[in-house]
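J.: These protein sequences, in sequence, are chains A and B. At position 92 of the first sequence (counting the first as 1) the number is 91 in numbering that gives the first Met the number 0, and the numbers step up by one without a gap. At position 116 of the second sequence (counting the first as 1) the number is 115 in numbering that gives the first Met the number 0, and the numbers step up by one without a gap.
Where hints are given, some of them may not hold.
To be verified - Below, in silico cross-link-like pairs of lysine-lysine (BS3-like), each with a Cα-Cα straight-line distance of 25 Å or less:
id : chain 1 : residue 1 : chain 2 : residue 2
1  : A       : Lys-20    : B       : Lys-99
2  : A       : Lys-736   : B       : Lys-58
3  : A       : Lys-292   : A       : Lys-346
4  : A       : Lys-150   : A       : Lys-100
5  : A       : Lys-150   : A       : Lys-292
6  : B       : Lys-99    : A       : Lys-734
7  : B       : Lys-58    : A       : Lys-774
8  : A       : Lys-100   : A       : Lys-343
9  : A       : Lys-774   : B       : Lys-56
10 : A       : Lys-573   : A       : Lys-736
11 : A       : Lys-592   : A       : Lys-724
As the list claims (entries may be wrong) - Covered stretches of chain A, as calculated for chain B (at least 3 residues, CB under 8 Å):
id : region
12 : 54-62
13 : 274-285
14 : 730-738
15 : 745-752
16 : 764-774
Don't read these hints as lab results, they were simulated from the structure. A quick note: this is a predicted structure, and the numbers were derived from the prediction, not measured. Don't be surprised by glycine CBs; every beta carbon is placed ideally from N, CA and C.
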Amino acid sequence: MIIVLLISFLLAFLALFFYPKTSGWLGYVVAFGTLGLFIYSLSFVPVVLEGEGWLEQYNWVPSLGVNLDFLMDPLSLFFLLLITLFGFFILTYATAYMQGKRQANRFFFYLILFMSAMLGLVLSDHILLMYIFWELTSVSSYFLISYDNHKEEARSAGLQALLVTNLGGLALLAGLILLGNAVGSFHFSEIIQHNLVGHPQYVAILCLVFLGAFTKSAQFPFHFWLPNAMAAPTPVSAFLHSATMVKAGIFLLMRLSPALSGSEAWSMTLVFIGGFTAMLGAAMSVNQLDMKKMLAYITISALGMLVCAIGLEEPLALQAAFLYLLAHAIYKGALFMTAGNIDKIQKTRDLRYLGNIFRTMPFTSAGVLLASLAMAGMPPFIAFVAKEKLYELALEQSGWSVFALIAFFLSSVVYAGIAIRLGYRLLFVPGLKSDEEDSAAEESAIGAPKQKLDVPPAMWLPPLVLGVIGLTVGWFPAMVKPFFNEVADRMTTSHKDLDLSMWHGWTPAFLLTLATYLFGWLIYRFRTPVFRVLHQLFKFDWLGPEQLYNRALERLDSFSVVITRTIQNGQLTKYLKVIFVLVILLLGITYLKYDLFPADWNFQQEIKFRRIYEFLPIVMIVSGVIMLLNESSRLTMLVALSLIGYGIALFYAMFSAPDVSMTQFLVETITLVVFTIILHRMPKNAVFPRSRRQYLVIAIATVFGVLMTFVLSSLQDFSIASDMKEFYVSNTAPKGKGENVVNVMLVDFRAFDTFGEMAVLCMTALGVMALIRLKTYRNNNL
Amino acid sequence: MRTVILQAAIQVLIPIFFIYSLYLLFRGHDSPGGGFIGALVISIGLVFHMMAFGVAKTKEVYKIDTIRFTAVGLFLTFIGATLSIFVGDGFFHALWTDIKIPGVGTLSSVMLFDVGVYIAVVGAVLKIAFTIFEE
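With these hints in hand, go ahead and build the complete structure from the sequences.
T.: Listed below in C-alpha cells is the structure:
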C-alpha cells in the first residue's frame, strides 16, 4: 500500500527535475505511471470485496506509538481508484495543456504532490497522519491556484483558499485529537467501531470536524473560495476542484459517520447546510458568464447535495451519496476539461461570446455533449441512476428532512437548465459577436469558412472517454454494484441491496426526474426573467461571507500595521532595548518575588588562577569593553566587539569545551568579516551621536550583565540532579560510535533538533535574500 | 577590498581552507570538529575570496549556486534521517555500515547527516554574505 504512495511522490520529483529536459513528453510518462497505479489498485478489488480490508504499519517513532499506519477498506479503495484514474486523465490532459508554458515542471510537481497527498489522506489509518496529508493537500492547492503568480487575482485566490481551508484544518486537528481521546485510539480502524453519540464531548467534536469538512468541501458559509480558485489553470480545476480535493471533506464525513452519526445534531446540520449550499450554489451558477465559474458553483451545489445525503440517516443514504460522488466526478471533470479546451482555442470563456462550438471543435463538443447529458441526469448515464437514487432517498423522508427533497429537486432543475445551455446552446447556437470580432470578420476574406481548429487529442480524449465511462457504467451497473454494496456494508449497520438497474417502473422518483427535465427546460426557455430575478437577489452579496472575509483581512492588516509601528520602528537599538528591558523586568521581578538573591553578596566560587595566562581572556574582554566605550570610529568598535568575542572563546577553550570554543571563534570571525563588508558600504562620515541615550544604553547593558551573572551563579546552587550527563557520556561511544560527546549529540542523539535548526537556517538565508533584494528592487525602481 | 595582496593570498589559501574544513568535518565524530565547524571554515575562506574578487567571479570559479547548496544540504539531512525507515526501524535511527575509509571514518547515515549539515550551512552563510555584498 505504501508503495503506491511512494511511487506517487517519486513521480512528482521525477517531473520536477526532468520535465524541462524532455520538452513535455515526460508528462505522458507520469500519466501512464499513474495509470499503472490505478491498475495495481484494481488488483486489490477482489480481496476488499471479500470483506478483507487490511492494515499496514511502518515504524516511525515506535517508542511514542506514532507510526505510519495505512488502512485499506472499501472506502479507501474506492477513493484510491478514483484518484488514480482521474490522475491519469488529468495528467494526460495537462501535458498537452501545459505545452510551452514556463516552469511547467513546477506545475507537474505540485499537481502530482497534491495527488500523492490525496492518496495518503484516503489511505491513512492514523487520524493525525491523515491530518498531515489533509494540510498537504491545502498547501499544494495553494501553489497550484496561484501558479500564474504574476496575476494578482491568482495570488489572492490562492491565499483565500489556503486561509479558509487552513482555518477548517486547525479546527479539524482539535476535533480529531478530542475524538482520539474520547475513543481511546487514534486509528480509524478502531474509531469506526465506536459510536460517540451522548459522549460529553460529542458536540465539540462534531462542530470541529464539521468545520474541517465544510471548509474543505466548500459548504456555506465557507463556499466562496471555490469560484475564486478558478484562477488556477484548468487541469487544476478539473482535478482538485471537482474530483478530488473538495471531495476530501465528504470522504471525512463518510469515514467518521459510524462514529458520529445517529444524532439529530449530525443529521440536521448536514441536511440543512448541505441542502442550503446545494440550492445556493445552483442559484449562483445561473448568472455566471465565465464557464469555469459556472461549473464551480455547480460543484458547490453538488457537494451540498452529497453532504445533505450523508446527513439523511438511511441505509440507502451512503450508497446514493457514493454513486452520485462518482457520477459527479465523471461529468464535472469532463466539463472542466472541455472548458479548458474551449478557452485555449477561442481565447475566451465568456459564455455570451461563445457559440457554435460544434462546428469548430467537434471532438471537444462530443465531450461537452456527453457530460451535459450526464449532468442533466439523462439515462443511460450513471448520473441518471445516481439522481434517481437520491430522489428515492429524499422521497422516503418525512418531517424536516423533506428539506432534502426540495434541495435536490431545485438543484437538479438548475443542472438540467445549465445542461441545455452547455449541451445545446453552446454547441449549436452562434454566440454574440464581440466588437473586435465583427470588424475582424469584415477585414478577413469574405466567405471564408470558419476553420475547424480543435485541440490536440490528448486534450479532447480524456473528457470524451470520461463521458463514455459515465455511459458504460450506467449501462452495466454490475461492474460497480458489488463495490458499493460492500462500501455501504462497512459504513452502516444495515444496507439495502442496491438496485442499480435503469428502469424501475413509474416510481415517484422517476416522475420527479421527468419533472426535473421539464422544469429545467422551462428555466432555460424563460431564462431572461430568471436572470433578472436572481440578479436582484444577489445584489445582497455585501452581506455575504466573502465580503466578511475581505473585510476581516483588511482589518487584520491595518491592525498589524499599527502594532508593528509601535513595537518595531525599524531601529535595531530599540528592538534590543525592548528585549533586554523585558528580560530584566521578568527575571528581576521573579528573583525579588521568590527572594532568590543571595543573602550575602560575596561570591560562592573562588576564582583561582592556576596559570598566569588564564588571566588573558579577562584582559582581552575588559580592554575590549573599554575600547568600545571610547568609540572613535565604527571600525574600532567592531574590532573591540570581536576582541570580546575571542576572549570568550578563549575562556571556553580553557574550560575544556573545545567544540563550543571553535564554533565561537569561527562565528566571531564570520560576523566580523560580514560586518566589515557592511561598514564598507555605509556612508563614510556618519558619526555616532553621544547623547543621553548612550548612558541609558550603558545602564541597561550593565544591569542585564549583572543580573545574568546572578542568575548563572545561583543556578549552580539549584542544580537539578539528572542522569543526562551520565547517559550521554556513557552512551556516546557504544551507541553513537564516536568519542566526541558534543558532536554525537548534535548529529545523532539530538539530530531532530539539528534538523529543525538546519531548516530554520535555510529559511533565514532565504528571508535575508528576499528582504535585501526587495529593498534593492524598490530602490532601483523608484 | 580588492587588493592585490588579498587576491594573491586567497587563491593559495582556499585549498588549504577547504582541506582543513573537510578534515574538521570528518574528524568531528571522535574529536572536536563536525559539520557546522567545517562549514564555517570554508565559508570564511570563500567570503574572503568574494571580498577580493567580487561575487560573480567567486560564484563562477567555484560553481556555487547558494540556493542549490542549501536545498541539497537540507535534502541530504532529510535522507540521513529517513533512511532507516526503509529497514523498518523508525525514523532518525542511525544506520551503520562496516566500511571504514581511512581518514574519513565509518560510513553511516549519521555521516550523511553531518555532510548535509555542512553543505546546508555553507549554502546559507554564503547566500547571506553574497546578498549583502551584492547589495
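J.: Mind listing which of the numbered hints don't hold for this structure, in increasing order?
T.: Hints 1, 2, 10, 11, 13 not satisfied by this model.
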